[in-house]
Amino acid sequence: MPIPKYNLKKLTTMVLLSCVLLSLLGWIGAEKAYACSCVVPGSYTEELEKNSHVLDATVMNKTEIEQGNLDIELSVSAVWKGEAERETHVITADNSAACGYEFHIGTRYAVFAQQFDGELHVSLCGVTTPIIDDSAIFTELGQPTKLPEDPTVEPTSKGDSGEKDNRASEDTAVPTSASAEGSSALSPEQIKSTVTETELEEKIDNQHSRVLMLFVSIGFVLLIGAALLLINRKKR
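In case it helps, numbering that gives the first Met the number 0 puts the sequence shown at residues 0 to 235.
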């Protein structure tokens, strides 16, 4: 028995609408994958001019806050630009797709931050990077201005400077050993490579894989549905 024309037209309309839907899903997936699109950062000197605060600081704690952001507690030892307290907080997104920078507790960083509405924000697209005492940033920007010593630490007398000095230095020293994931200092070129070629590409590949799997699954279901519909019509 031939398939009625109105049914064939209906089937064609369903297939076309499904194709449009799949195209929209693919476009939305691509938009999410490229949510963080970074302009190539400049040198440390150029980025110093662009940011409101540049700090030599160690991460003490990370806390999840509202709207997919993290509050990063820093122990600031010195400042290249801006004013900061010994304990300073910066905000960053909680994932790299939203341009969040991945801080590690106990790691020392050169933190490049912008101030918005009274808060300091750090982005993956900047040149925030783990540092050690002989990192290249100190050659390019010079030595930062050290913050005053913690007033809660009692000064030591000259007579017993041995053990007390050692104990005081242990209490007040800023940890410089970074975690295995980010202990070495990075140049702006290396940061650019890390952001655009590794982290973003992995994120994009994962998003594209999920979108492709969704596309194939929906297409497969539609094809089966169309085939069953045709078989049922022929039986009638």
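Hint data in this document are derived by calculation from the structure and do not stem from the laboratory. Check before you lean on any hint, since a few could be wrong.
[Stated by the list, open to error] In silico BS3-like cross-links for lysine-lysine, where the CA-CA straight-line distance does not exceed 25 angstroms:
no.	residue 1	residue 2
1	K145	K80
2	K49	K145
3	K145	K61
[Claimed, not checked] DEER-style ranges, computed between Cβ atoms:
no.	residue 1	residue 2	range
4	K49	G218	45 to 55 angstroms
5	G105	G218	44 to 54 angstroms
6	Q66	C37	16 to 26 angstroms
7	V39	N231	14 to 24 angstroms
Virtual Cβ for every residue (Gly too), placed ideally from N, Cα, C.
Structure-based check of all given hints:
no.	hint	verdict
1	K145 with K80	holds, 11 angstroms
2	K49 with K145	holds, 21 angstroms
3	K145 with K61	holds, 24 angstroms
4	K49 with G218: 45 to 55 angstroms	holds, 46 angstroms
5	G105 with G218: 44 to 54 angstroms	holds, 48 angstroms
6	Q66 with C37: 16 to 26 angstroms	holds, 21 angstroms
7	V39 with N231: 14 to 24 angstroms	violated, 58 angstroms
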